[in-house]
Every structure is written in C-alpha cells, then in structure tokens.
Amino acid sequence: MVDDTSQTINLSAPVLEKLEAGSRPFSLLIQKLTGIVGKTGILYNADELLVYECDGYIVDKSAPDIVVFPTTTEQVSATVKICNEFNVPFLARGAGTSLSGGCLPIGGGVMIVLTRMKQILELNLRDRYAIVEPGMVNLHLTNALKGTGYHYAPDPSSQGSCTIGGNIATNSGGPHTLKYGVTTNHVLGLEAVLPDGTIIELGGPTAEVPGYDLHGVYVGNEGTFGICTKAIVRLTRDPEAHRTMLAVFQTIGDATRAISEIIAEGIIPSALEMMDHGIIQAVEEAFHFGFPLDAGAVLLIEVDGLEVAMDAEVSKILELCNKNNVREIQRADTPEERMLIWKSRKQAFGAIGRLSPSYCTQDGVVPRTRLPEILEFIEQTSAKYGLRIVNVFHAGDGNVHPILLFDERDQGQIQLVLEASEEILEKCLELGGSVTGEHGIGVEKINFMSRIFNETDLATMEKVRNIFNPRQICSRDKVLPPHGSGNATKVTQTHPARRAPH
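Residue numbers (this note's numbering): 15 to 516.
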C-alpha cells in the first residue's frame, strides 16, 4: 500500500512490472494520485480492479490500472490534470449500470469513480430546482422529495442504483419518458471538469440563460466531453391524480395495436410499458404478482393529471383495450396497489437472473406502428440463433429492449449474442428507427454510427467533441468511430477487452 508520509510504494513484483509504462514510472502516478484522494481513495491491486472491468454490458471487459474515488470537484480536477501530465487515458464511472460499455476503460488507464460525491447540495422548491452531485442515486433524490409536492421526473428502470451523473452522460429515459421527456429536458445547468482539468459551469438555475445552449450539448456526451461534477435539475410538480392499470393480452399483436390506438386517440399516458410472455413468467416466479402465465403480453398503463380528466381518459383506454381483445384489466385502487404494479415493472430485470446466468439488453427504437414487425423479427432471430430472447420495454415511444439470454462462460454463445444483436439493430434501422433510445452508443454500437450518419455528420460531431476533448484522452474510443490510435499512453491492458466485430 501507499504510505502518505514516506511516499514509498510496496507492490508485488508482477504488479510493479505492469505499472512501468513509457518514460516515467507508473508508481509515481500512484503516489501523486494518492496525494490527492488519500490512500483510502485509490485502488490498484489486480483483484480489486476486477470489480471495474465492465459495466452492465458484460460482453466486453477491460480492467483499469488505477481506480480513484474523489469526493470534491477540486479532487476530480486535480486527478485529471495528473492524468494529462502523465499522458494517461482516463474516464468517469458512476454506478456502472450503463448497458453499452460506456464505462469500459479501453487500453487501461485511470478510472474516476464518482460514487462518493453523492450529496444533495440544495433543494429549492420555490424556484423548482435541485443541485446534486453526480454520484447521487436517482431514487435517493426521489425519496428526498417525497411529501414536498415535487419530484424529479426521469426514472430509468435502474433507478434504484443508477446515478444522476450517469443519467446525464447517456441522456437516460425511463418509463415516464413518453409524457415527461428524457434527462436533457430536466437539466437546467451543470458543473463539469473538462479533459484538461479546467472547471466550467454551463447553464444555470433559471429556465433561460443567454448564449448557446451548451449544457444541452453536454447532456448525452457519454463522458467524451469531460466529467460532470454537479447538476442543477428541474423539479416537476406532482400530478393531482394517477390512474394505473395492468392490461393482460393473449398476443403481442393485440397489445401493440392497443398502444397505437391509445396514442392515436390523443391520449398521452405518463407511462405505457410492455412485458412479453418470457418476462411475465420470470417476474411471476420471482415476485408472485398474480400474472397469468399463459398471457402473451402485459401492458402497464398509467395516466396522470387533473382529477377531473382522469375518468374520461381511463374509460377511453378501457374501450380501446377491449376493442383489441384484452383478457383482463387490473386497476390500482390504492397507492399501495399502484406501487405493487410499478414494482412488477421496475424489478423485471432483476427477475431475469432466474432465467439465465448472463444476459445482454439491447436498446433499439422503431415507430410505434412497427412494433409488431420488430417483435416478430426478434422471435425469428431467437429461433435462428438458438438464443432465448425476452422483452420488456417502453412501448409508448417504440423503445424496445430485447434481452438476449446466454452464458458468458461459453465464448460461442457470446459470438451468437453479438451476431443476433446486430441483426436486430439493423432491422430497427430498416423499419425507420434507431439503434439506441437511451442506453447510448458506448463501445457496443460504435460501428453503427457510420451506418446512421454520413461522413459530414460524423466530421461535425468530431469537431464538437474535439472542442471539449482535443487530445481524446478522456473516454477514448467511445461514441464516434476512432480515426487513428490517438496519442495517449496505453498504460497496461490488464484484462484485454473481449471484442468481436459487430
């Protein structure tokens, strides 16, 4: 370990050999970083680094060489400046719930984990904003606001563990995206450390600020513009009333037709979520909600707003569901029943562990009217590759999340997952959609960028990135297809990424 007083390092010989890179000893880098965050704020032993070798996208793995845990913006800035001094790549990580390899430290380097920066710095109900640190867990902000009459609207399915900083990096959505929008619609301003260590502030607590919307540009950069260290987020008044329902359908086709007709009627539910037969079985086995195991699909439908409008909207939704052969509809009559219905959706991913040792969640988007086609194609792809695929997704905005089940210990299955994923995403494009709705590009979908955008589009995006990150030392090889190898030092590759061509 590192001794703060003597600045001497006691490392095992194999680790010491790995930490020698370039013209300067890597042990000196450890000493300098320890001087910033202290010896309890740094990891560099190989067994400890394994925890950080991947995020929620487990197909690709590559461990960092050093992990640091700053507690202040100044520590983040100082860490970034040291990385620049040593020409070592670095990237930020929150809870690691990213599903596209956004936290993958390609080529090793320094990982800056922000989970110790988790405070609510200000709650201003009068002006309807909160200021939080990036490691604030999304659900913790929700809980802090209970009883105030306000809430923070973005609520990804990983709400219980994902962080606000990570939500900002990927412009996360969630079940209530259909009515309330994604993260960028709820971020008023932010503080960030640029890739050279400079601290900047973008936007502010007021709804409008002069000049360019730079905080809007920043949201969704997937860590390639620097590290968010503080966020000013919009608070939304709680709706006066809710109506929450579970509609059980015999087939996916009936359910998707009901979705299209509800939206066509001019009703914008606050949430419109679908679970298919496979997810229904897993959730029922895990939590015993009372779902019929022979159902083809279940829709979670929620509307909110003024009490006076609720009954009419619910009546029309029931009419449209009945028109499309709904088997039964369960209505939440109490807050407890509503929470139970939402628990069935929010914990669906946790139930998948009962089905398979590993899974890969995809994130395609299609127009709502094409949902039956993409779901049929997913079923065909499942049969073609001999992989079980289940679906739980944001049906209201056509954001599908096919979940491919496999065993990561079998390299052959990993390759099948990659090939099947590529075919599903290509079909989404063919149907007029996109390859991501909320998970981001990361490393997983980087090869799709040249299929979606032309050279001029990509060149323009690259110019914007280079304004923030000219040396590409921060979150290297993410989002945009790499042009050349860059000039940052490749420190070590403790666990080479298992990458297969997409």
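Among the clues, some could well be false.
What the hints assert, rightly or not - Calculated lysine to aspartate or glutamate pairs in the EDC-like style (CA-CA distance at most 16 Å, straight line):
hint	residue 1	residue 2
1	244	275
2	46	99
3	337	387
4	75	421
5	360	298
6	193	387
7	337	275
8	357	275
9	132	67
10	75	88
11	160	254
12	244	136
13	75	299
14	244	254
15	398	347
16	330	279
17	398	436
18	95	210
19	193	327
20	160	252
21	244	437
22	193	436
23	441	387
24	357	298
25	441	491
As the list claims (entries may be wrong) - Simulated restraints on C-beta separations:
hint	residue 1	residue 2	range
26	195	351	21 to 29 Å
27	444	402	20 to 28 Å
28	59	323	57 to 65 Å
29	308	351	21 to 29 Å
Source of the hints: derived by calculation from the structure; they are not laboratory data.
Where a beta carbon is used, it is the ideal one built from N, C-alpha and C, also for glycine.
Non-conforming hints, listed in increasing numerical order: Hints 1, 3, 6, 8, 9, 10, 13, 14, 15, 21, 22 and 25 contradicted; others consistent.
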